[in-house]
Each structure stands twice: as structure tokens, then as C-alpha cells.
Amino acid sequence: MLSEQELIRLKAKANEIRISTLDMIGFLGVGHVGGCMSIVEVLTLLYYRHMQVDPQDPRKRDRDQLVLSKGHAGPTLYSVLADKGFFPKDWLHTLNKGGTCLPSHCDRNLTPGIDMTTGSLGQGLSAAIGIALGNRLDDIDSTVYVIIGDGESNEGQVWEAAQAAAQFRLNHIIAFTDSNRLQLDGFMQNVMNIEDLAAKWTSFGWSVQRVDGHDLQQMDHAIELAKGEVIKPSMIILDTIKGKGVDFAENQPSNHNMKFDHATALQVIAKLQAENGDNHD
Amino acid sequence: MTEQLEMRAIYNETLINLAEEDPRIVLLEADLMRATGTRTFAEKFPEHTFNVGVAEANMVSIAAGLSTTGKIPYANSFATFASRRVFDQFFISANYAHLNVKLVGSDPGITAVLNGGTHMSFEDLGIMRTIPRLVVFEPSDPVSIRKLVQCTARYEGCSYMRLHRGMANVLYAEDESFELGKGKLLRTGKDIALIATGVVMVNEALKAAEILANDGIAASVVDMHTIKPIDRELIIQLAGTCGAIVTCENHQVTNGLGSAVAEVLVETLSVPMARIGVKDIFGEVGSLDYLIERFELTAAHIVSQARQLLLRK
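From first to last, the protein sequence lines stand for chains X and P. The first sequence begins at 0 in numbering that gives the first Met the number 0 and counts up one residue at a time. The second sequence begins at 0 in numbering that gives the first Met the number 0 and counts up one residue at a time.
It is worth saying that the hints were derived from the structure and are not from the lab. Any given hint might turn out to be false.
Computed footprint of chain X on chain P, listed as stretches where at least three residues anywhere in the stretch have a Cβ under 8 Å from a Cβ of chain X [unchecked claim]:
| id | region |
| --- | --- |
| 1 | 48-54 |
| 2 | 64-72 |
Okay, the calculated bits of chain X under chain P, using three or more residues with CB under 8 Å as the criterion [unchecked claim]:
| id | region |
| --- | --- |
| 3 | 43-55 |
| 4 | 93-104 |
| 5 | 124-130 |
Cβ atoms here follow ideal geometry from the backbone N, Cα and C, with glycine treated the same way.
Assemble the whole structure, with the sequences as input and the hints as a guide.
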């Protein structure tokens with residue numbers, strides 16, 4: 000249970016991360032704004048409350064790890080990692096520029112704090128299984144978090160990994176599905192419907208919860224429950240809004256990868272800053 | 000009679016020896032343990048063995064994840080699945096991520112015999128050769144497989160090995176040393192060089208050299224176990240001393256050994272060259288005796304190509 004004070008702190012932090020991510024993409028003029036915005040709250044909760052990580056030692060062996068399997072949402076994670084001090088904040092405006100350490104899709108060799116290279120959808124949960132198995136062999140008790148897209152869940156490999164994580168009893172895996180109900184070509188129900196996700200994961204032998212992916216309190220409770228699992232891996236399905244907080248993008252089928260200029264981004268940022276001010280009142 | 004040993008048994012024994020010394024060694028299988036011959040490894044190191052079921056893509060990405068924690072994963076499947084089926088997982092999760100995954104594809108080319116065309120990999124070397132920095136190799140005998148697998152454990156980076164699962168002639172002394180990327184000169188002759196890779200073709204090339212010797216033609220025979228990085232120095236040296244080269248591979252003539260050798264020659268010292276291998280056709284079912292004739296990979300085919308080539312010198 001988050002205390003009132005903790006909730007306010009985390010809400011403000013999520014707002015900062017949303018602003019920073021929008022600023023990065025707006026500065027560049029194009030980016031995966033939809034899928035970046037839908038995971039702001041979960042990343043905030045993980046990195047500012049649950050995960051044990053050390054910005055001074057990004058590869059610390061017993062750290063908690065995150066595999067952002069929907070690797071195109073890298074910019075949100077970069078905003079978090081910069082804020083945590085993994086690298087200087089002035090790197091953020093280098094997103095996707097030639098020679099940058101912050102590519103559109105996550106790269107463990109370029110960016111301090113990125114635990115796994117992702118971007119070819121469907122492979123992240125499998126990699127997380129490998130990390131969890133390696134940790135088990137080394138008697139390391141840390142948690143491996145994974146974020147999968149709902150569109151990504153069309154990939155067959157996700158389900159190969161689902162069966163394996165249950166078979167190997169990887170209770171140290173806590174995965175999230177960012178269920179924003181949109182995929183690149185449109186609404187999932189019109190392209191390739193994947194529901195009932197909860198029933199699917201349950202039938203694969205996972206412990207499954209479904210919560211509002213923008214509600215910090217609900218997600219925190221779900222993560223605490225998942226940490227208590229002693230055999231099953233956990234799936235927390237997050238009902239989210241693709242493009243959350245960016246008024247011109249929210250729930251738009253075209254928001255997977257959008258072009259907009261910095262001035263437009265700054266207008267939305269001004270509104271978000273005002274909202275943040277309201278939160279403090 | 001030349002001594003013969005089963006290649007997969009040596010592979011398994013080598014992995015066991017490595018794992019006894021180094022707890023970082025782990026084994027991944029996709030429900031082919033009876034075929035790849037690693038069941039005794041699994042019995043000896045159950046906690047270091049992960050059988051993912053019939054799910055090769057998952058196996059390769061799991062291997063990549065294990066490698067991030069410092070483990071040295073060996074992942075086995077048939078050469079067809081290890082190359083064609085999981086190319087993107089191996090490319091992105093393992094190679095692009097600069098990890099340390101040792102992928103092994105068994106039953107290469109015609110050695111898939113009764114499994115037939117669906118299981119016959121005539122393109123895996125070519126597919127793998129396009130991945131930046133990947134080491135691609137195919138041992139030719141029981142001694143070289145032991146030594147080269149040991150080399151991969153020491154090498155920090157991904158590799159792809161073709162594993163001939165059956166019996167193979169012992170071609171080398173037990174104390175012979177091997178290095179990835181360095182071919183072995185098995186026989187020296189000044190007239191023509193036969194550059195071969197893998198159990199089937201190195202043995203055929205040696206037979207061909209005997210036949211040519213009876214006709215007064217002195218052939219060098221090279222065991223070019225590593226296709227990538229290819230041993231440029233040795234190729235250039237042979238081009239200089241022999242002036243004609245025949246490549247011999249249990250694989251399509253495009254993109255594999257023949258192409259790798261040709262690439263070196265056209266950029267350095269062009270000499271007449273011919274390629275023994277599969278000529279743009281799919282695999283099919285049959286015995287090894289049938290298939291080696293069907294795909295024109297025999298010593299007689301090598302001899303015939305060599306003779307024609309010598310007319311162009």
C-alpha cells in the first residue's frame with residue numbers, strides 16, 4: 000500500500016518522466032509516442048520503488064533487471080535512467096541522432112542501465128528466462144521484470160516463453176503486458192485480437208492479475224502480490240491508454256510512430272506541468 | 000583400417016569435460032537430446048541443462064539471456080532449425096547484443112539422410128556467414144571437434160558449429176593443435192589445391208588426392224574447418240604455390256566455402272577455381288551413398304573438376 004505521501008511523490012515523478020519523454024521525442028520530431036506514454040507509470044513504480052539498481056554499477060550482478068521487450072518504448076526508459084543518474088541528462092536530446100547512445104530500440108551495449116537488447120518483437124521474455132535461470136544457478140534472489148506489448152503478444156515466441164517460464168518455475172519473473180489495445184496498424188480487435196489475455200496466461204500456468212496501468216496504487220499492490228509467488232511466474236496485465244497524457248495522440252490509431260514538432264510537444268508539456276502543480280496543491 | 004569415432008559422442012564428452020572445469024558451461028536443447036547425443040551431459044549436470052521442448056526460437060533467446068549472466072551456453076538443434084528457423088533470434092538476441100552463445104547445428108547437408116529435404120541444410124553456412132563477427136565452422140574429425148569446441152569455450156563471442164553426428168575417420172594425431180580461423184594443410188602437392196570443409200568433404204578430398212596422385216597430379220588438401228573468419232593467408236599461399244583451387248562443401252556452392260574462397264581470390268590473386276557443392280537445388284531423402292552421388296559430391300566428381308581445371312592453368 001502506498002502512503003498518501005508516497006503516492007504524491009510517485010505521481011509527480013511519473014509526470015516528470017512523461018514530460019521528459021515527450022520532450023525527447025518532440026525535440027527529434029518523430030517517435031513511438033503512443034507506446035512510450037502507456038508505460039510511464041509502470042516504469043516509474045518499478046525504478047522509484049521496487050527495483051534494486053545502482054547507477055554507479057549498472058551491471059551489478061545481484062541487481063533487479065528489466066527487459067523492455069517492446070524495445071521501441073526505449074525513450075521512456077531513457078528518461079528514467081537519466082533521472083536516476085545512469086548517464087547525463089543532456090544525452091536525452093541525442094535520441095536517434097547518428098552516433099547516439101540512445102537508439103530508438105533498447106541496446107544493452109550502448110546505454111548504461113539497459114539490461115537487454117530488444118526491438119525485434121517477441122524475444123524479450125525468452126531472454127528474461129535466461130537471465131532468471133542464470134540468477135538461479137548463481138543463487139541470486141533478484142527479480143527479472145519484463146514489459147511486453149499487447150500487439151507484441153501476436154508473436155508466437157511469447158507463448159513459447161510463457162510455457163517455458165511456467166515449466167521452469169520461474170517465480171522471480173514478473174511480467175507486464177501493456178494492454179493499450181492498439182497495434183501499429185490499428186485497434187487490435189480489428190487487426191489481430193489477442194484477448195482474453197488473462198485467460199491465456201492463466202492457462203499457461205502463470206499467476207495473473209489485471210489492473211489499471213495508470214493507477215500506481217493498484218499496480219503497486221499487484222507487484223507486491225507477485226513478489227510473494229513461490230512457484231509460478233507472474234503476469235500483470237496493465238489496461239493502459241496508448242499515448243496517455245498527450246492529448247493529440249491519446250488512443251489514436253496513428254500514434255504508434257508519430258511526427259510532431261518541438262513547439263507542439265512544449266504546448267502539451269505546459270499543460271502537464273500545470274497538472275503537476277495541481278497535484279501538489 | 001582408419002580408426003573411426005562418433006562425432007556427437009566426442010562433442011558430448013568435450014562439453015562434459017569443459018563443464019567439469021568451468022561451472023559457467025550450460026546446455027540448451029529443444030527436444031533433440033537423443034539425436035544430438037547429450038543425454039549423459041544432462042544426467043551429469045541436470046541443473047546446467049535446459050530442455051525447452053520443441054521451441055528453437057525460445058531456446059536461442061534464453062541462451063542469450065543466460066549469457067548476460069556470464070554463463071557459456073551451448074544450444075543444439077538440427078542445422079536446418081539452428082539456421083533457418085531461428086535466424087532472427089540468433090542475429091538479434093545473441094549476435095547484435097554482443098553476447099556469447101554457441102549455437103550448434105547437427106546433421107549438416109546430406110548427412111540428414113532419411114530425414115530428407117525438410118531437414119537438409121545446404122544453406123546454413125551461407126546464412127550464418129552474413130552475421131557480423133560470428134565464427135562459423137565445421138570440424139572434420141573427432142580430434143578437431145574436441146579441440147575446436149574447446150576453442151569456442153575460450154572465445155568470448157558467438158559461434159555456429161556444424162555437427163556431423165555420425166562416425167568419422169580420425170585424421171589427426173591426438174596432440175594436434177587447432178585454432179579457429181586457421182585451416183589445416185593435410186596433404187601437400189604443387190599442382191592443385193583441394194580446399195574442403197566438414198567430415199564428408201574432407202574425406203572425399205583426401206580420396207580425390209590419392210586418385211590424382213596415381214595420375215601423377217600432386218594435390219594439396221586443406222581442412223578449412225572455419226568458414227568465417229576464412230584463412231586468407233592460407234588461400235593466398237595455395238593460390239601462389241598450386242595455381243588452381245577446387246573447393247569442396249556439403250552445402251550450396253553459393254554463399255558457403257566456395258564463395259568465401261572466391262571472395263579472397265578475386266581481391267588478391269585470381270587463379271582458376273571450381274566449386275564442388277550443391278548446385279541450386281533442394282535436398283531430398285535417401286541414403287548417404289545415394290545422396291553423395293545425387294548431389295555430385297564424391298571424390299570422382301572432385302577429380303573430374305580438378306582435371307578440367309588443370310587445363311585452364
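Here's how the hints hold up against the structure:
1. 48-54: This one holds; 4 residues, not fewer than the three required, reach chain X with a Cβ under 8 Å.
2. 64-72: With 8 residues close enough to chain X, the hint holds.
3. 43-55: violated (count 0)
4. 93-104: Since three or more residues must qualify, the claim that chain P covers the region 93-104 of chain X is violated, with 0 doing so at under 8 Å.
5. 124-130: holds (count 6)
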